[in-house]
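Residue numbers (the numbering used here), protein chains in the order written: chain P, -12 to 326; chain H, -12 to 326; chain Z, -12 to 326; chain R, -12 to 326.
None of these hints come from the bench; they were simulated from the model.
Please note: incorrect hints may appear among the correct ones.
Since the list can't tell identical chains apart, any single copy or any two copies may satisfy a pair.
[Unchecked claim] BS3-like cross-link-like pairs, simulated, lysine-lysine; straight-line CA separation at most 30 angstroms: (1) Lys124 x Lys254; (2) Lys250 x Lys221; (3) Lys254 x Lys153; (4) Lys106 x Lys254; (5) Lys319 x Lys209; (6) Lys209 x Lys250; (7) Lys250 x Lys153; (8) Lys124 x Lys195; (9) Lys279 x Lys106; (10) Lys221 x Lys123; (11) Lys310 x Lys124; (12) Lys195 x Lys254; (13) Lys121 x Lys254; (14) Lys310 x Lys250; (15) Lys313 x Lys123.
There are 4 protein chains.
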Amino acid sequence: MNRIRVGIIGAGRIGRVHAQSIAFGIPEAEIVAISDPFIENAERAARDFAIPAIYPDYHAILNDPTIQAVLICSPTNTHADIAMEAARAGKHIFCEKPVDQTVSKILETKKLVEENAVKMQIGFNRRFDHNFRKIKKLRDDGTLGEIQIIRITSRDPEPPSPEYAKTSGGMFLDMTIHDFDMACYQANSEVDEVYAMGAVTVDPEIGKAGDIDTAIVTLKFKNGAMAVIDNCRKAVYGYDQRVEVFGTNGAAASENDRETMVKISSKDAVCEDKPLFFFLERYMQSFRDEIKSFINAILNDRPVEVNIDDGLRPILIAIAANKSMKENRPVKISEVMEG
Amino acid sequence: MNRIRVGIIGAGRIGRVHAQSIAFGIPEAEIVAISDPFIENAERAARDFAIPAIYPDYHAILNDPTIQAVLICSPTNTHADIAMEAARAGKHIFCEKPVDQTVSKILETKKLVEENAVKMQIGFNRRFDHNFRKIKKLRDDGTLGEIQIIRITSRDPEPPSPEYAKTSGGMFLDMTIHDFDMACYQANSEVDEVYAMGAVTVDPEIGKAGDIDTAIVTLKFKNGAMAVIDNCRKAVYGYDQRVEVFGTNGAAASENDRETMVKISSKDAVCEDKPLFFFLERYMQSFRDEIKSFINAILNDRPVEVNIDDGLRPILIAIAANKSMKENRPVKISEVMEG
Amino acid sequence: MNRIRVGIIGAGRIGRVHAQSIAFGIPEAEIVAISDPFIENAERAARDFAIPAIYPDYHAILNDPTIQAVLICSPTNTHADIAMEAARAGKHIFCEKPVDQTVSKILETKKLVEENAVKMQIGFNRRFDHNFRKIKKLRDDGTLGEIQIIRITSRDPEPPSPEYAKTSGGMFLDMTIHDFDMACYQANSEVDEVYAMGAVTVDPEIGKAGDIDTAIVTLKFKNGAMAVIDNCRKAVYGYDQRVEVFGTNGAAASENDRETMVKISSKDAVCEDKPLFFFLERYMQSFRDEIKSFINAILNDRPVEVNIDDGLRPILIAIAANKSMKENRPVKISEVMEG
Amino acid sequence: MNRIRVGIIGAGRIGRVHAQSIAFGIPEAEIVAISDPFIENAERAARDFAIPAIYPDYHAILNDPTIQAVLICSPTNTHADIAMEAARAGKHIFCEKPVDQTVSKILETKKLVEENAVKMQIGFNRRFDHNFRKIKKLRDDGTLGEIQIIRITSRDPEPPSPEYAKTSGGMFLDMTIHDFDMACYQANSEVDEVYAMGAVTVDPEIGKAGDIDTAIVTLKFKNGAMAVIDNCRKAVYGYDQRVEVFGTNGAAASENDRETMVKISSKDAVCEDKPLFFFLERYMQSFRDEIKSFINAILNDRPVEVNIDDGLRPILIAIAANKSMKENRPVKISEVMEG
């Protein structure tokens, strides 16, 4: 088999997740190099996943003509720039979300990706989650009929630090962005209008940092479907990740995954495990499957399953949501589109 | 035991429900008369529930000095007028929802109820539902902590006729009003602002009649809680009635009641019963318990559990929701309060 | 409507349950008399359920020519004798289980019932339970295919007093008898052989009284199906009543009923209500429906749904189970059949 | 890290499962050779899991002094002989179940394992299953109190061929053996007596081959606990693997794992996925974890979690079950123990 030769840019948490997926689960690819300015990170990943080359500077990866694809796992504010360089270097690109927090830079990246005829997949891993994918399938094969209402509950187990909140671009761009993508994925349509309301109910320091930690966002889609997302930065019972799609022929709803299927009956109650607590546990299978899909798109020269337009859409919605919350009114996506 | 002597005004479906509850389930009360302009209805109820007196005109009930309490089960547009007459006649009043579709008439009724020192309970039966009451208890005893988000799904099994839609005051006043009450019940706070979006996805004739059949409504409460309600006039799988309350210490969510607890495993799937299909099946216990509560309030001279202010609140929210949908903007309750 | 005129013999707990069912739920019948040697019991029932006549001696009921049917709710050791007298008096009979603990007396009763052409229904109420009846239906309509294995779990919330254990005839005759009936009901076949194992794990005093409090019993049916019953006199989490029927086309299994459908997610677990604790809560609907069925059998002159052969069968199985446990070997039903 | 050097004997289905676990999930070990008389099997495994050496004859593995541990994945009738050779060669042994179908050979193997001071772990992988392990933990930490009843349901999705049935030693030795081990694992005690009943309800050819395909087996443990196992070679809805442990403080029961947590509500029913269909899907995590445990036992010189006595116990129970079924009587384990 001709394995796809991959370089990983960034050896932090998510870089390691993808390295592990390829090393232990995707024989169709091999990691030939990993880079990180903190060279110890790259060293550790090289050791754990048997990666032959490490570099402090990612340009070494872009300059290696034997490398066919790169995974961009560097800090968010570098994604677009590195992606553009990678496109120019003729590498296929898997880029962690978000591509960028500005529309212009995403469009610029898109242009370069198209000009250089490389593939670019965005890391919206939840599209590959077994539960949500099953719902999508039921939607696509007509089981659910015409889609009327999409309900997404997405609550984190622990809030970020207020410092992080300050630099993350705000909850909508940092956290809800996944839910915006999920709503689009399930609706199969473009969002027309957004209304967002937010509050600080978890940590006042997050409020002082100018962000919110709790929100409800409603979306109107062009095909007539409506969606509602509820978010919170902290749910004491763990990572609450549920999607429900309601249509004219029926509804599909996913419950949370949990560690075991054991029920304990005691004198007090009948109890089961809490939802899986951490996003890496909850979404591990989806992280592996998105990389598999990316590798297969290259191998078979097919379109990627999550392209740069899919990367742009949730950014626009997040920007509209921020505007909606600030001005306390519904905001059309067309209002925040540039150019 | 001194039984409370009750007269029932209106022998239609809901009048019969209450008659049955008292006849077969509330020994503390006895029905001494029932009235209905369609006298056959009254006759049939008298036969089925052993009611000694029937009248075409409800004034006969109001004029009977031995009757202590009346249940107003007549058409919606007569509720307030009859309630005011009953208050003047010194009768305790159980009044089906809504008291009226206008704020002014509800306030007028309230004034008369207070002046005549009678009790008046409003028929928001869902507050007595075993599931929702348990959630409320968990909220009230602190198990859930501070309330952050309330999620209500309320979907009917079958749409009304377009004719009904035309005269019902619209979906928000006719159907969502129960959910507005439920949100207030669970939040223990006043709604500050409403945003509503609606669509016609079930029956175009409902749209032609000027109404909607699908909606998402969000509410901001004065205590900082947020709520979202999703409604549809038709769910093919039956009557979908779920409430979830999410707070700083945990969440409580109710699944739908179903006829049996049987799971069938076949070569295709593992299936259980659909939700109970009809509101009378689903809420029968709550209908009985609300009347019990009313009778007990009289017997023990305690405040009723659902008073006329509870009857006014959802009307205001419904009016605001209609305004919000029409003007496509969030509307404050203060904007729709009169006088 | 011509109401069936009913007399109730015995105003203890189960007598009151049936009185309540008829008074508040079965308009096709009316209770015209109730008897109890403890006349206060009869008085109290008469008051609560508006019964016009009370007697200390049940013969007064048997002698009333206007009474068409009697419910025998007296102590177990009087069931057969009263039933035979009632048959001779030409009354239709609803008799609480067990008819008797000896085969001969049941056969004698059967003979008299047939000679006098009255109906006799046995109080195996669980056959009318919504869950178990649904399973039976799936079995009967072929959904499950040929029945292979029946699993019954039946655990009480609290053990009886050792004194009661001493006089009850033992756990198999007192408690498991319901499960023996359920197994026969679901299997639609005759038991061929029984193997029983018992232990004392709940209360050593029950052991000293010569009884057991925990057991597993296996049954072989003549149609090839097998069944297993597990019993315990005490489950700390409440009344555990589950049936599973496994066949060549699928399986149907019932979970326990519970008070609400609410799930609570906290930092420790996701919990739901325990099973309903008490047999009156758990089986109330079945108690009403069995009496309805009896009244309807009389009204329409149809066979009763649980006849005296159904009453005999579990007694034979219980006797065989006792013999099996004592001799530690499988015992054929034919071994314990008399004459 | 000093990796444990492993040789795999047998490159069939289960050999590949273990190879995959080590190659992709257990960095603490490396596979240095694999053998199979069908050399193509070994070649394929070598390719898929990057194993450097392949042999047709397992002796080459036993003769390699750098190999520390072997996994015996050859046909059942060779297990004991190879294990004895491996013990003499000083290799640690992971041996697929059953070690042998005769007690004498297992005892002989045990002797050699002890004399040569090697570790030997038996492949009862279900002890490592997330669900059953959680139940065991609840049992061991006292949450469940004293164990009273163990219920095991174990039903295969598809029957074996009648040919296989003929050579497999019969259902109890081939299939129920896992359940016997599970019962012992959960009971923490020795079985005293067995009663078994079997039937042919799936495939008459299996009956002609002298085997059964459906069974109920009850066990009495020395500590007073009782267990019941129900088995079938075919469940149309998939692989049904459930355990329930009932004790004086509560009960723990595991539901089947399924592919997704999605519920579909349609006009017919509310359905969820069937149980995972195939044992490799259902138990994949347990296969990996048992090998991890074996490798860790070597690395840390600790006792293995499933030793050769654990391998012997279910064989004795299976032999007793066969005798019980043949003679239709309870059989003591002491009756089938060899001198």
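task: Any hints from earlier that this structure breaks? Give me their numbers in increasing order, please.
output: 4, 7, 8, 11, 14, 15
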